[in-house]
Amino acid sequence: MTLGARSVLASLLAVAFCASPSAAANVSFATVFGDYMVLQRHPVKAALFGTASGVAQVSLQVTQPGSSYVLRADVKDGTWRALLPPTFAGGDWTITATAGDASAALQHVTFGDVWYCSGQSNMALPLKYTLSRNQSVDMVKAKKFDIRIQGMSGNMNPFQPWMQASDATMKPAACDQGDCLFFRFSSTCWYFAESLVEKLGKAAPPIGLIHTAVGGSMIEAWLDNKTMSTCKNVSLGPGNQQFHDQRVMPYVGMSLKGWIWYQGENDMHGTHGNSQLGYGYGCMMLGLVRSWRALWSTTPGTTDPDAPFGFVTLAPSGAEGGNSIGAMRWAQTANYGVAPNPAMPNTFMAQAFDLDDPFGNITCYRAGCCNKDPKPACWSCLGPNGYCSNLTGANFYLGPIHPRDKKPVGERLARAGAVVAYGQQGIYTGPTLSGCSVSGNKVTVHFNSSLLGHTEKVTVQDYHKIKSSRLEVLTNRSLFCLQTAGRKMEQCIDDGTGHATGQGPYDDTKTTWVTVDVTSAGPNSITVDLTKSGGKAYAIRYAWQGSCCDQRDPTGEPCPIASCPLLAEPSGLPANPFLARVEDGRCKCVAPQVCDESLQPIVV
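The sequence shown maps to residues -24 to -1, 1 to 580 in mature numbering (1 follows the signal peptide of the UniProt record, and there is no 0).
Please keep in mind that the hints were generated in silico from the structure rather than gathered at the bench. Only a predicted model underlies this, so the values are computations on that prediction, with no experimental measurement involved. Among the clues, some could well be false.
[Stated by the list, open to error] Listed next, the in silico BS3-like pairs over lysine-lysine satisfying Cα-Cα at most 27 Å (straight line):
1. Lys418 with Lys443
2. Lys418 with Lys441
3. Lys21 with Lys178
4. Lys104 with Lys117
5. Lys104 with Lys175
[Claimed, not checked] Distance ranges between label pairs, derived from CB positions:
6. Lys202 with Ser454: 18 to 28 Å
7. Ser129 with Asp560: 53 to 63 Å
8. Tyr45 with His430: 27 to 37 Å
9. Asp143 with Gly297: 33 to 43 Å
10. Leu47 with Asp282: 21 to 31 Å
11. Leu47 with Asp155: 54 to 64 Å
12. Lys178 with Gly154: 17 to 27 Å
13. Pro41 with Pro536: 45 to 55 Å
14. Gly498 with Asp143: 47 to 57 Å
Using N, Cα and C, we set each Cβ at its ideal position, and we do this for glycine too.
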């Protein structure tokens, strides 16, 4: 163990470990371990650590039917740490730590893949408030997989010791009888694992899920101050590094498969920034990925220094009243518009810009008319769309800012994770802008053919029901802006170079950015009709603001999930949102993203 790793353990274990029986010698495992837990499987060495006193060495006996071995770990500064030999998935192990006459044991331990899930409220959102919760309970009861869960206590979730998901559905009572522990666990984390096991099929190992998210938290709280100091436009405050110390460091000694991150809403009012220019959220997101990989891989042979890192982009309701959510999603990718990318290799993402709550824009919710005795005027809203019955199935948690359709988020994470983290063949991201060309009153937009592969093609869904193509063109060259501020979005605080450019109607979607019509042009391209913009197109953007359905009557039918027009078929993955200037008849993205591919018409 390196000196840095041992000093980390010594500083944390004083508060992170459970007490052992009073004796001349004492020994314990860290509280991050427990019965029924999952340890990281082969080829990684799983790490165990704890505290001990009164002895110079701790003995570890690792047994299961037909197999047993003993390891010894030195005690220094009251702590010990041991690396188990790489162990294949499965098993029902007992691990006993002995120090003199004292001992502590972990029972019913198995080996598999351990994923650490964190972020803020849309990661923390309990399964209880999601639309697919009951289907998940049925799958658990059918014993379709071996998923085990553990979670820190937070402002949305209780402490959950390691337990099998099947036990969590029965404690303290069955889920259909009350608020079972399973319903209190992170929905995004669970749906990722559930969908991953389905995707991997018979090759799926046991999955261990660790959840530590805190609702309302900012990325600054999850980063150490040293990493934050490398980014400009970041203020160091008393809340910074708080959760890094309290909710990251206790787990750092463990061996992991990877991480899942869903956060950004509470950073919407900050600088979204650019990783290449070293400022704002884009810089901090890159810092998070790199610093967590470095922390967990300090000891060779444990967590892979390039371990997979998955994340979710913000749903429209995650704007928190802030502007330019498209720029925030772009920052979440370290400003490449897609993952993995050169700055963040071995990462994967789930787009959620088209996964807002189906009933999130129904004004009856805000009017509070869904009750036992609704006023007659409300029936026009409640009757046609089944709003009340929908809420009875799974209510909102603090309103539509927490979309209840988390299962599709988990499915997209799992699809991408199966390719990036497990080496499966297949598409892991939707159409990604590679370039465009202008000819007369048309713009042909091209998408990266290598990412789509040979089996996928770009499709334009019928968007007349949602009343918008979500594709807009800029009609005033001087009003290009990456991030705006102000209630009416009249001030540009970042023109793409990190500089402000003053006042103007930067996001006026009637005069500055005009919504135009699009049609399919080939397997990897679409045609943009500039008739509505008077033939002008100084920039082009897609799904940059609002939701797929925000042009519809808010008292109408629910917005179907995944209803934005551009997607890949047959996978159904949505096109990644984009923004690019149009110069000399070609697209030019803001660096580090590149979309100036030299293009020729594609012959089918």
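We went through each hint and held it up to the structure:
1. Lys418 with Lys443: 21 Å, holds
2. Lys418 with Lys441: 24 Å, holds
3. Lys21 with Lys178: 23 Å, holds
4. Lys104 with Lys117: 17 Å, holds
5. Lys104 with Lys175: 24 Å, holds
6. Lys202 with Ser454: 18 to 28 Å: 40 Å, violated
7. Ser129 with Asp560: 53 to 63 Å: 57 Å, holds
8. Tyr45 with His430: 27 to 37 Å: 49 Å, violated
9. Asp143 with Gly297: 33 to 43 Å: Hint holds: Cβ distance 41 Å, inside 33 to 43 Å.
10. Leu47 with Asp282: 21 to 31 Å: 27 Å, holds
11. Leu47 with Asp155: 54 to 64 Å: For Asp155 against Leu47, whose Cβ atoms are near 41 Å apart, the range 54 to 64 Å is violated.
12. Lys178 with Gly154: 17 to 27 Å: 35 Å Cβ-Cβ, so the 17 to 27 Å window is violated.
13. Pro41 with Pro536: 45 to 55 Å: 51 Å, holds
14. Gly498 with Asp143: 47 to 57 Å: At roughly 53 Å between Cβ atoms, Asp143 and Gly498 fall inside 47 to 57 Å, so the hint holds.
Figure legend: structure checked against the earlier numbered hints; hints not met, in rising order: 6, 8, 11 and 12.
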